[in-house]
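Enquirer: Please arrange chain B on chain A, whose structure you already have, making use of the hints.
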Amino acid sequence: MKRYQLEIRVVPRAGLLDPQGKAIHHALHALGYAAVEGVRVGKAIALELEASSEDAARAQAEEMCRKLLANPVTEDFQIAVMGEAAPTGRRA
Amino acid sequence: MSGRLVVVTFPGSNCDQDCYHAVELAGGEPSYLWHREHGLAGADAVVLPGGFSYGDYLRAGAIARFSPTMEDVITFARRGGPVLAICNGFQIACEAGLLPGALIRNRTLRFHAFDQHLRVENNETLWTSSYERGQILRMPVAHGEGNYEADRETLDGLDGEGRVLFRYVDAAGRVTEEGNPNGSANAIAGIVNQEGNVMGLMPHPDRAMEAALGSVDGRGIFESLVRHLSAVGAR
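Protein sequence lines correspond, in order, to chains A and B. Residue 71 in the numbering used here sits at position 71 of the first sequence, and the numbers go up by one each step. Residue 169 in the numbering used here sits at position 169 of the second sequence, and the numbers go up by one each step.
Excised from the complex, chain A in its bound form (with noise of 0.2 Å):
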């Protein structure tokens, strides 16, 4: 077995509303970044897991995200492995 880093992000499903990304597009448009034109707030989950293999690791976080991680009414999820993780330091 391997362990492996991921990334979960969980963002709000296009098309519903956002208030707090709406706040923050005010905010940056107050301070004058007029260039913006859209923000959408989401979380980030990092977590290790052992697993056989990377495509193991990314199915145990898929069914993660489909039982807990997200709502699958109101949000979206994208799941990126971002290598294998230092193996647990043993005490000599």
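Read the hints as simulated data drawn from the structure, not as lab findings. The hints are all genuine.
Okay, the calculated bits of chain B under chain A, using three or more residues with CB under 8 Å as the criterion:
no.: 1; region: 58-65
no.: 2; region: 107-114
Looking from chain A toward chain B, a few residues come up when the C-beta cut is under 7 Å (computed):
no.: 3; residue: P19
no.: 4; residue: A23
no.: 5; residue: N71
no.: 6; residue: V73
no.: 7; residue: T74
Part of the chain A face toward chain B, derived, beta carbon under 10 Å:
no.: 8; residue: D18
no.: 9; residue: I45
no.: 10; residue: K67
no.: 11; residue: A70
no.: 12; residue: E75
In this text, a Cβ means the ideal position worked out from N, Cα and C, and glycines have one as well.
Expert: Frame of chain A, contents of chain B only:
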């Protein structure tokens, strides 16, 4: 007899005592159940109270939905047992799939804690039989994530089947932008599932039970439920 109503307490629930008291005032027999216990046997109805279960971490209700007691509540509901889901309880019920849709951040981004007017949209349910259709109620709201969202098909179904029981309105009873502070789709404040046995609402009937506290408009929900239980022969 009056019916045994079990109030589930999650870590972070803060309206369980209000709900217990409300059940007593309506003539039911309340009891508490800690969220890790399997003790629904003999319950005639379940109340999921308001609060901040698990600190609202991840999403409001997302973690509470996996409490051991919730497994039993889901089974109870699927068998037709009445479940009253208030505020955080409504969020938990949506996360658990007992009710359609989801509750997202208020469009104002602010936590709302004030009295709100509601209109009774359907009084032919076990939850609303004590009210008149079109009756205007006033009861407290206290939430940061009360903005009800669902896809178009779900919203059409809720409206077409009379499953929107309460809508946010202004003092005159009209659906307006100002009367719908959290931005809920179709100004939805409370809904029932298709079978009619699970009801969720964001406002707090449990905090509108006594004139000394400003409103008695919440009594109708608890009284309707207790009357229903006694009509169907709950012990």
